[in-house]
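A.B. asks: Here's the letter readout for the chains.
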Amino acid sequence: MMQLPVLDETAVQIIATIVKFLVVLVGVLHIPPVMIWVERRVPALMQRRRGPNRVGFFKWRLWGLLQTLADAVKLIFKEESVPGSAYKGFFHLAPLIGLLPTLLFVSAIPFGPAIEIGGWKIPLSVIELDIGLLFILAVTGVGVYGVTLAGWASNGKFSLLGSLRASAQMISYEIPLGLSLIPLVLIYGSLNLQQLILAQSSVWKWGIFLSPISFLIFLICMFAETNRAPFDLSEGESELVAGFHTEYGSAKFALFFLGEYVAMFALSCLCSVLFFGGWQIPFVAHEQLVSLTGSVNIAALCGVMALLLKAAFFMWLYVWVRWTLPRFRYDQLMKIGWKFLLPLGLANVCVTALVLAALA
Amino acid sequence: MHPYLPVLLVLSVALVIGLVMSFLSAFLGPKRPSAVKQEVFECGVAPIGSRERMSVRFYMTAILFILFDIETVFLYLWARTFKSLGWFGIVEIFLFVTILVAGYVYVLKRKALEWD
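Each protein sequence line maps, in turn, to chains A and B. Residue 119 in this note's numbering sits at position 119 of the first sequence; the count goes up by one each step and never skips. Here this note's numbering runs 360 ahead of the position in the second sequence, where the first position is 1.
Hints in this document: simulated from the structure, not taken from any laboratory. Glycine included, every Cβ here is placed at the ideal spot set by N, Cα and C. There's no promise every hint is true.
Stretches of chain B that chain A covers, calculated by requiring three or more beta carbons in the stretch to come under 8 Å of a beta carbon on chain A [as the list claims (entries may be wrong)]:
| id | segment |
| --- | --- |
| 1 | 373-381 |
| 2 | 444-455 |
| 3 | 463-475 |
Given the sequences, and given the hints that come with them, work out the whole structure.
C.D. replies: Shown next, in the form of structure tokens:
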């Protein structure tokens, strides 16, 4: 029998990190096809149409589920066309710069409590930092560069206008997004996402009940940060063709799509983590679950499912809102961000601090 | 293990996979470039490019963003240590926020945030 090399703590954690990241990556790669399918079928239902329902597997049509898979394959085998007047380096780099921060973001989410494999305790977040919340805010800030560079490097009118609009919008809504989370830090006293979840030990301690205004601001910023309807001015099809990715095609276009959907998923997860107790199942304590199932790992898996279900609701909300609300005007968008959400966020922080100090 | 090592690991793995995906169609797709195909898309008319001046409002938004974003980061540090600082922290941060709100009111009065 072969002797297995003895692993020390560092080696195990490094291997675990890479494995966890690959699992997250494979999972995340499945989000755009499924979400695009949902985004075609759901509006079809809402508008009494059929939507894509042909592409299937031999005689099984599977409600058109394979349509987006076919689209992805098509995109990869397309010719890559680069505009002659584009800045080549930045043009090729921009989709990557757009994608990498979102992958870092989703890696920082704690998907569940720690599991145990062979006596090693492995946390279920790829990156576990004590300043997790600040890390996430910093990383979302980098995402703006991808959009800005894509539009500028394309050297086209529509791309530039789309990217200017998108970047101005994203930085404007980053401030209320940051402000909306401060009351939670005040209440729970931590920046570590895992500890924020553990602090919401019962349903009545969830962020949405302790700080509902924060949730309102965060929800609005969630839509604005990802440039989704009703804040999708940066890709207003009727005015700007497609916005900042007008000149992109083939796999690079697919990367932009991937980045957008990963960002949506990561923000949905963050929303569940901060306001809805993360991986905790309502009314069932984690210890109860461990004794009920008799295994830490199975209980952790239940937690992961709970978080994914909560996140799925917000993904659904994205689609629902998109086909319900009309688009804002640009001056309205800026007015909401700077003149409504920013003062509201600041006031929310001040009031929360005063109430907490008075109660202490 | 150093807590920031996973960040580096994730970044390097993601960079490799991203680069592969990014240049996938450069290898797999056909290559038939032509002068017309490589023009930027401007609805079919002869393109005039985008080297123009932009509205000054975008610059103002960017500058104001830096100001208020740094304020937000300061507030995070205070929020984390809120319980140990007590009333002293509250008074100090309210002074800080008051000065910033004065600046915010000035910006509003000068109509730097009007988009029309």
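A.B. asks: Can you list which hints this structure breaks, lowest number first?
C.D. replies: none
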